[in-house]
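> From first to last, the protein sequence lines stand for chains A and B.
Okay, so the first sequence: first residue is 1 according to our numbering, each after it adds one.
Okay, so the second sequence: first residue is 1 according to our numbering, each after it adds one.
One or more of the hints may lead you astray.
One copy or any two copies: either way a pair holds, since identical chains are not told apart in the list.
To be verified - List time: in silico DMTMM-like cross-link candidates among lysine to aspartate or glutamate, alpha-carbon distance up to 20 Å:
1) K221 x E198
2) K357 x E310
3) K257 x E58
4) K320 x E103
Derived by calculation from the structure, the hints in this document are not laboratory data.
2 protein chains.
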Amino acid sequence: MPSRRIAAAAAVAAGGLLAAPALVSAQPALVWRMPSSFPKTLEALSGGAALFCRMVGEATDNRFQIRYSGPGEVVPPFQVLDAVQNGTVECCHTAAFYFTGKEPGFAFFTGMPFGMNTRHLNAWMYAGGGAELMAEFLEPYNAVPLAAGNTSAQMGGFFRRELRSVEDLRGLKFRISGLAGSVLQRLGTVPTQLPGGEIYAALERGAIDAAEWTGPYDDEKLGFHRVAPFYYYPGFMEGGALIHVLVNRERWAGLPKAYQTVLRLAAAEANHYTLAKYDAENPAALRRMVAQGAKLTAFPREILDACWREAFAMYEEMAKQNPRFARVHAPWSAFRAEQIAWSRVCEFGFDSYVYAKQGRG
Amino acid sequence: MPSRRIAAAAAVAAGGLLAAPALVSAQPALVWRMPSSFPKTLEALSGGAALFCRMVGEATDNRFQIRYSGPGEVVPPFQVLDAVQNGTVECCHTAAFYFTGKEPGFAFFTGMPFGMNTRHLNAWMYAGGGAELMAEFLEPYNAVPLAAGNTSAQMGGFFRRELRSVEDLRGLKFRISGLAGSVLQRLGTVPTQLPGGEIYAALERGAIDAAEWTGPYDDEKLGFHRVAPFYYYPGFMEGGALIHVLVNRERWAGLPKAYQTVLRLAAAEANHYTLAKYDAENPAALRRMVAQGAKLTAFPREILDACWREAFAMYEEMAKQNPRFARVHAPWSAFRAEQIAWSRVCEFGFDSYVYAKQGRG
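Chain A extracted, bound-state conformation (with noise of 0.2 Å):
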């Protein structure tokens, strides 16, 4: 690639037509477009998507730019993949489990209930095999991912109504991604999804009886709490959301090494930044939402345990129908269950002691 760049450089100084600019870099001037599935509105989101597209610009002196829209602007929420498949766009900002509708699949790679949390998730990408693997799976989409932020551990949503049982879950109307829907269906709930902000009319009026979003940052300005106060904890829908780059296959191939090198750090230093703005914010905003009447509620044991015992037997049921789920279900089980043993060693004997110990003042 230099080397076709030097030589066309070099044919333009040799037709005279050598104007400054030119002189500035041989790298293509690009104009590239990403829409996000996530409103402006929450700063982590969009601010990991902002820093994205000015890390790029940055690192390039402008000459690769991505320009950044939100839900709507140019493509609705959860086409951006469609968008990005058929060339629409160069490539979005999205999770990949929003599209578990396709192939159920697709929720490895953001988070499965029960599974992965954002440390794990992100052993796998940087040096587990899952960037890999989510690169293979995304090949018939035409699409290229990259790792570019996460929500951590998400809460387990709003509630209209106490929760006391498994019984309770039977009928309930919860906006709800991924598969976690399909494992509170086996139990009777009706799941349903809908971009975040569409969430609060919906709660408001009782079109649906729940909601789960990501965690009090974004949930406090969501509002959700004024409509459904039961604030449920942990979200065992999700240990960890991993948000995504998905670059159109020819748009990446076409591009420079360079400026694939640039897309792949800007991405990391996106997943960063939109983690830690999330761990940041959050302990303020779900202090303010207590103050304002959000009831702090651990889910009973006996529903996180059908949870759990729905959540397996569904992923064997899919690993046995469907190949390409099974394809990453084994690898991902295997490298799951080792950082579950080694985390609940060292990582997890420190946090307990030493949260315990603080607690206590």
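Starting from the structure of chain A, add chain B where the hints point.
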């Protein structure tokens, strides 16, 4: 900067010195040196350093090359900051807490005993004000810091004899980094700081009674378990240990903005990779070491409690005596307390349930 570059390029063109390579990029061609404090055999750390260099090269079409060297090749392992400060080298790869001998505040930016875990450290660095505090702290050392790796919560080290009570810490010769040595000194331990490559021999011949390094992946290679079988956890000394690239201030200021951004982004990628590599490799390494005779042992609570008491008493004393320590201690304490309060609810709630459930099969 861009306009100056255009002018320079135009001047070259006017002088008829228009060689093809000069057209490829108007960015300067640079070769920097980056000595590391860490042995090249420790592949998560050295792999992070190598990845950082490779990413900088790829993102700049190899116009900006950084040559990484192991400890002692160019600079001795614990003199890398001095070499950056006086401009002998352009940057280094190290852990800030190796320099607590200069002043104790360095430890905040790598890891304090019972301090922030890896996740909290990253939240502080990328969105909680930690990066800005570290940059300010390093001004007198003429260095600009970039977060570039983490070992995660470390193990507590290898001991030739079992620890049964706080009394057993008295007179113990312990290779340990950062402020943890000072904490243990208050309980009668004799801390020593040796580079990674010199620990095994000292432990084997009984010059030291115990040594901590990082976690199973490195520890196994260093072979400590063969001469000191009691392998303690959790490593209260470091809930996470952040690794840095430190850049000479004038060299940083002289870089084009695009190169500064590339360094920042390459460090972010190295930070992900180093942690992920440890996470991916630690589980199997721990299993192998246990099979080879390492005796996995929890620190007695009495010892943890004594260390906790001494650690926080020491931080208070240091904050009273040392304004530069105090300047970081106050925001560090506040951020840590907030992180713990929130982590206990959601992240720890998720992990507790999943780890316990998975542990039962």
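> With reference to the structure, classify each hint as holding or not holding.
Consistency of the hints with the structure:
Only within a single protomer do K221 and E198 lie at most 20 Å apart by alpha-carbon distance; the minimum there is 13 Å, versus 54 Å between protomers. Taking identical chains as interchangeable, the C-alpha atoms of K357 and E310 lie at most 20 Å apart only when they sit on different chains, with a minimum of 14 Å there against 35 Å within one chain. Taking CA atoms no more than 20 Å apart as the test, K257 paired with E58 passes in both settings, with 17 Å inside one copy and 7 Å between copies. For the identical chains of this complex, K320 and E103 are intra-copy neighbours only, at 14 Å inside a copy versus 60 Å across copies, given an alpha-carbon limit of 20 Å.
When each numbered hint is compared with the structure, no violation occurs for any of them.
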